[in-house]
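J.: Sequences listed follow chains A and B, in order. Its first residue numbered 5, the first sequence is counted upward by one per residue in this note's numbering. Its first residue numbered 6, the second sequence is counted upward by one per residue in this note's numbering.
Simulated from the structure, these hints should not be mistaken for laboratory data. Quantities reported herein were computed from a predicted structural model and do not represent experimental measurements. Check before you lean on any hint, since a few could be wrong.
To be verified - The calculated EDC-like cross-link candidates involving lysine to aspartate or glutamate, where the alpha carbons are at most 16 Å apart (straight line), are:
#1 A:LYS353 <-> A:GLU292
#2 B:LYS168 <-> A:ASP84
#3 A:LYS227 <-> A:GLU74
#4 B:LYS168 <-> A:GLU74
#5 B:LYS168 <-> A:GLU315
#6 A:LYS291 <-> A:GLU354
#7 B:LYS238 <-> B:GLU44
#8 A:LYS299 <-> A:GLU309
#9 A:LYS66 <-> A:GLU110
Said to hold, decoys possible - If you want the footprint, here are the derived chain A segments under chain B, 3+ residues with CB under 8 Å:
#10 44 to 55
#11 70 to 77
#12 80 to 94
#13 98 to 108
The C-beta atom is built at its ideal place from N, Cα and C for all residues, glycine as well.
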Amino acid sequence: MLLLDNISVRLGNFAISNLSMDVKNGEYLVILGPTGTGKTVLLETIAGLHGLSSGSIFLNNKDVTNLPPEKRHLGMVYQDYALFPHLTVYGNIAFGLKLMGKTAKEIESIVAKTVKLLGIGSILKRRPRYLSGGERQRTALARALVLNPYILLLDEPLSALDRFTKDRLRRELKRIHKKVGVSILHITHDLSEAFFLGDRLIIMKDGAIVQKDTPENLLKQPKNRFVAELLGIENFIPARLEGTMAFIKGFGTAAFSVILPEYFKEAQSLYLTIPSWGIELFPKRGKESYLFITKMKIVGLNQTESDIEIEMKHCSGPGLLRTTLLRREVSLLPVSIFIGAQVTAGLLKESIHWVLPD
Amino acid sequence: MMLSSGSKSFKVAFSSLGIILVILVALPMVRMIMSADPEIMRTTITDQEVMASVFLTLGAAFWATIFCSILGIPLAYILARSNFPGKSLVEGLVDLPIMIPHTAAGIALLMVYGRNFFVGKAFGKIGISFVGTGVGISLAMAYVSLPFLVNAAKDGFLAVDSKLEHVARTLGASPWQVFFRVTLPLAWRPILSGGIMMWARGISEFGAVVILAYHPMVAPVLIWERFQAYGLKYARPVAVLLIILCLLIFASLRWVSEAKKEA
Numbered sequence: 005m006l007l008l009d010n011i012s013v014r015l016g017n018f019a020i021s022n023l024s025m026d027v028k029n030g031e032y033l034v035i036l037g038p039t040g041t042g043k044t045v046l047l048e049t050i051a052g053l054h055g056l057s058s059g060s061i062f063l064n065n066k067d068v069t070n071l072p073p074e075k076r077h078l079g080m081v082y083q084d085y086a087l088f089p090h091l092t093v094y095g096n097i098a099f100g101l102k103l104m105g106k107t108a109k110e111i112e113s114i115v116a117k118t119v120k121l122l123g124i125g126s127i128l129k130r131r132p133r134y135l136s137g138g139e140r141q142r143t144a145l146a147r148a149l150v151l152n153p154y155i156l157l158l159d160e161p162l163s164a165l166d167r168f169t170k171d172r173l174r175r176e177l178k179r180i181h182k183k184v185g186v187s188i189l190h191i192t193h194d195l196s197e198a199f200f201l202g203d204r205l206i207i208m209k210d211g212a213i214v215q216k217d218t219p220e221n222l223l224k225q226p227k228n229r230f231v232a233e234l235l236g237i238e239n240f241i242p243a244r245l246e247g248t249m250a251f252i253k254g255f256g257t258a259a260f261s262v263i264l265p266e267y268f269k270e271a272q273s274l275y276l277t278i279p280s281w282g283i284e285l286f287p288k289r290g291k292e293s294y295l296f297i298t299k300m301k302i303v304g305l306n307q308t309e310s311d312i313e314i315e316m317k318h319c320s321g322p323g324l325l326r327t328t329l330l331r332r333e334v335s336l337l338p339v340s341i342f343i344g345a346q347v348t349a350g351l352l353k354e355s356i357h358w359v360l361p362d
Numbered sequence: 006m007m008l009s010s011g012s013k014s015f016k017v018a019f020s021s022l023g024i025i026l027v028i029l030v031a032l033p034m035v036r037m038i039m040s041a042d043p044e045i046m047r048t049t050i051t052d053q054e055v056m057a058s059v060f061l062t063l064g065a066a067f068w069a070t071i072f073c074s075i076l077g078i079p080l081a082y083i084l085a086r087s088n089f090p091g092k093s094l095v096e097g098l099v100d101l102p103i104m105i106p107h108t109a110a111g112i113a114l115l116m117v118y119g120r121n122f123f124v125g126k127a128f129g130k131i132g133i134s135f136v137g138t139g140v141g142i143s144l145a146m147a148y149v150s151l152p153f154l155v156n157a158a159k160d161g162f163l164a165v166d167s168k169l170e171h172v173a174r175t176l177g178a179s180p181w182q183v184f185f186r187v188t189l190p191l192a193w194r195p196i197l198s199g200g201i202m203m204w205a206r207g208i209s210e211f212g213a214v215v216i217l218a219y220h221p222m223v224a225p226v227l228i229w230e231r232f233q234a235y236g237l238k239y240a241r242p243v244a245v246l247l248i249i250l251c252l253l254i255f256a257s258l259r260w261v262s263e264a265k266k267e268a
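Extracted from the complex, chain B is given alone in its bound form (with noise of 0.2 Å):
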């Protein structure tokens, strides 16, 4: 197809923006992985601290990505559906995590379950605890990362048409049958995408963690540990490696979303 002069230009110019912040996202990640020396990389990947860490660093993404789920879904629908009194408050508030440095996040969580307020002595006496242990991490990469999964799942919510929801009442379905039948099929795409993305955010925390759970060590902790106490040729293999997985799990996943789509 021939394109008119405009248009040719039209598209030579955004795709060249466009080339341009691909090339500054790469680049860091491309440099860091064919820095790495091969020697040290084996070394690591066999490094039973290194191995730990990022398997933990996972699973407890995961983790707080579940159990965001089963209460941030329910709350997406009651946004996307619902107009209530405080309704814009409600969005800002599953809206500041974005905003407030992740450092300020991680104290907030410690004042409150922590062993000095009642919530987190309340926890303490049925034996979870959140300081320094696996579930703290999972809260604080929580706390962080809801924002994406809860705003992603609205806008799904958002696209189903409620007059599916409306005719499927009249054909006999009771809310729950509406919700697990038209709803969830429909919007399932956008809340996976969200979960995904909050993982990766999880994956990725560092402020909040770091106040909450130093240890056990999540790899980006591990990553600032290695780089103060050994410097940046320690530091950079674990990064690389945490990189290179992420980038597997997120395409893969990527590419099973939009697989089912193609079907």
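If we strip away everything but chain A, and leave its shape as in the complex, we get (with noise of 0.2 Å):
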């Protein structure tokens, strides 16, 4: 469907560098990289919006490197939306269809199509000015999808709206592409976000792809410490790599015996990541499961309405660790937890991974 080949993009300081990715025929493809990484850019490159100094931009087997926006046949969602303020919803909506010069009664039945879809034909005689957030991004989806795009490029549309509405929204969003089957650029800092509507995930950085792949097998294995700790891992235990001993520090002495990838090859020191999920204080599972076992002390508990993150040091190293336990759990431990009290802690085999520096 869509394939970049290679590209490069200078704009003033900023440059994305020999960067090949594709979008398969009706995938929900989510990039995943903090803010001022260059994914908005990218987008807009796809676009046609910036030219490329190298490399080629291919859309259904076309090359389109050097088609002007209004001829390569995508829409775009903008995160503020970008509706025309000088147009009511409906002129939002048929504005491309008027470009193509439609008559007034097939643009009329083709937006009735789209409108139907999204649910907004209360509101098509509205100025986007008058619009919730969700009204808005539906218009603004409304008027990209009417013209049958090969692919849907979204720019963090979820972002400017409250957690309410986002949530539905994203279910809304997830219902479209089912329904409409169109292929699904989507960018966005947003962790769930990006692993509740991602078929697969791209992690950009400084204008160059991290790691690609489908959510589960990033979670499996992550390739750093940058992208561990985009997908949400707080933990990162350093490690010093002898031929395939791994010793770890902090945490007494310890040493594993470890298997890594290709890449960790030419690597001396390496992370052991454990998340949130894979700290289990006072561990009641056998001691296999475990990497190891040990004595914690708690320096530090915040608490949130629906759960309590526990901060805690190794009780004769520097080590720290911490952990997020809902109210429910932390109710269910045999002893309270204040500041300064001893738990063990166990980390799980089977949460821990090995991440090489970023």
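Can you join these two chains into the complex? Each is in its own frame, and there are hints to help.
T.: Encoded structure:
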């Protein structure tokens, strides 16, 4: 469907260098990366709004590298939706159809179908400034979908919304994708949004792709600390590699035999990563389930309405661990927790990964 | 709504300072209008030379604005949307007529569009002369007042989010269609405002016009001439007439532009 072949773009001080990726037919691909990493520039480049300094872009096996945006046949939805403020919702949706020279009757019937799909029939006469965030998003989607684009490019379409609307609209995006079957390239910095929507994820940093895979595989094997942090992993224990043995620091003397992927070949140092769910307080399973079990002292407690984040320090070393428990889980612990309390922590083998430094 | 004592004193101080300025601007106008002899005013209105001069002034400034819009709006768009080497120099050049004495601008124009330079000669060959003609008056007015239009239009274009233009392109619009269907409909208000300002500045122009075209006489030149020849009593009614006409025109234009905004 969409193929970027070794593309490079330079915009002022920012550059994308030798980037290659593809979006398959009907796929929902999410690009995840922190703000300022070049995601929007990439999307605008695909749309034809910035020229390439090298490389090629193919859409449906056709080289579109030198085609202007209006000839590429793709839809774009920006973070703030960029609705035309001087036009009504209907005028916005019909904008592209009018340019195609369709008659008023044809436009009406095409718009009606898309409007029905998105459930915005009651707001067609309104101007964008009188719409809620959700209504704006649906209007922007309708405006792009009505032209039946090859691919839909979504630039952080949920980040301007409150949590409740965001949750509702990401389900809505999934439904529309399923119903219409259009390929979608969605960029975001929100991890849960990426996991909820993406068939595949691409992790981007400083204008380059760091890793691309399915959400499950990424979680199973994040390539480096940057990816692991982006995937929400909070615990990084430094380790030294000697042959096939990894020696971790900060938790007393501990060494583990490890089998590592090919790209670790040259590495001398690495990190042992443990997600929050991989740290069990007062472990109950058999010893073989844990990488190790150790005594920790609680040094910090941070609470939200639903959970408690516990920061712990190793009793005889500088090692730190952090885990978040639901209030219900905390209430089931055999002892009460407070700053200074001593707890036993087990690191679940199934949760750990070895990653490279950045 | 109750105001805290702090906000009350702030509002009173700012309003008082603002009112002083309004009085400073209005007082000479009011004094001049009030002191005009009704009898002389009547003869002034029926004086063909005066009316011809007033209409020449309004017309020449209007055509200067139209001509500058055709060239200035594209320039303003480029200045708002593009970065290129020498952009600051171009912006400085556009602002220059505001800074230089207008008599100096008139002399500079005369040196280029007069009969002794090839530009003036070339125009002369196709029957366009700038010295002592209506076209010359428009040229002088355009030269000194174009910064108002170009800068207002540039600010208007800058206020239009370029993402709207990007989206329009992805929806199938060519750059021309984007400009006429998205950018211009969103920027027309500041452009109109700049146009009104330019027209107004053109009407009041004396220095550059008097050098390039003393005749036919525009209203500011006529006022000057009557003042020199007959004194204040005969210059004043022409000035009053021009002020009243301008006030009516600009107030109506502002009203139309604001009324559209409300709609």
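J.: So, for every hint listed, does it hold in this structure?
T.: Hints, one by one, checked against the model:
With a C-alpha separation of about 8 Å, the suggested pairing of LYS353 (chain A) with GLU292 (chain A) holds against the 16 Å cut-off. Under the criterion of a C-alpha separation no larger than 16 Å, the hint pairing LYS168 (chain B) with ASP84 (chain A) is consistent with the structure, at around 9 Å. For a cut-off of 16 Å, the pair hint linking LYS227 (chain A) to GLU74 (chain A) is broken: about 38 Å separates their Cα positions. Of the pairs offered as hints, the one joining LYS168 (chain B) and GLU74 (chain A) holds, with about 14 Å between alpha carbons and a cut-off of 16 Å not exceeded.
At roughly 44 Å between alpha-carbon atoms, LYS168 (chain B) and GLU315 (chain A) are farther apart than 16 Å, so this suggested pair is violated. Taking the CA atoms of LYS291 (chain A) and GLU354 (chain A), the gap is about 13 Å. The hint holds against a cut of 16 Å. Our distance criterion of 16 Å between C-alpha atoms is met by LYS238 (chain B) and GLU44 (chain B), whose separation comes to about 12 Å. At roughly 28 Å between alpha-carbon atoms, LYS299 (chain A) and GLU309 (chain A) are farther apart than 16 Å, so this suggested pair is violated.
With a CA separation close to 29 Å, the supplied pair LYS66 (chain A) and GLU110 (chain A) exceeds the 16 Å bound. With 4 residues having a Cβ less than 8 Å from any Cβ of chain B, the stretch 44 to 55 of chain A passes the three-residue criterion, so the hint holds. Taking a C-beta to C-beta cut-off of 8 Å, the stretch 70 to 77 of chain A contributes 4 residues in contact with chain B, enough for the three needed, and the coverage statement holds. A count of 7 residues in the stretch 80 to 94 of chain A with a Cβ less than 8 Å from any Cβ of chain B is obtained; the coverage claim is therefore met, three being the minimum.
A count of 4 residues in the stretch 98 to 108 of chain A with a Cβ less than 8 Å from any Cβ of chain B is obtained; the coverage claim is therefore met, three being the minimum.
In the structure shown, a violation is registered for the earlier hints numbered 3, 5, 8, 9, in ascending order.
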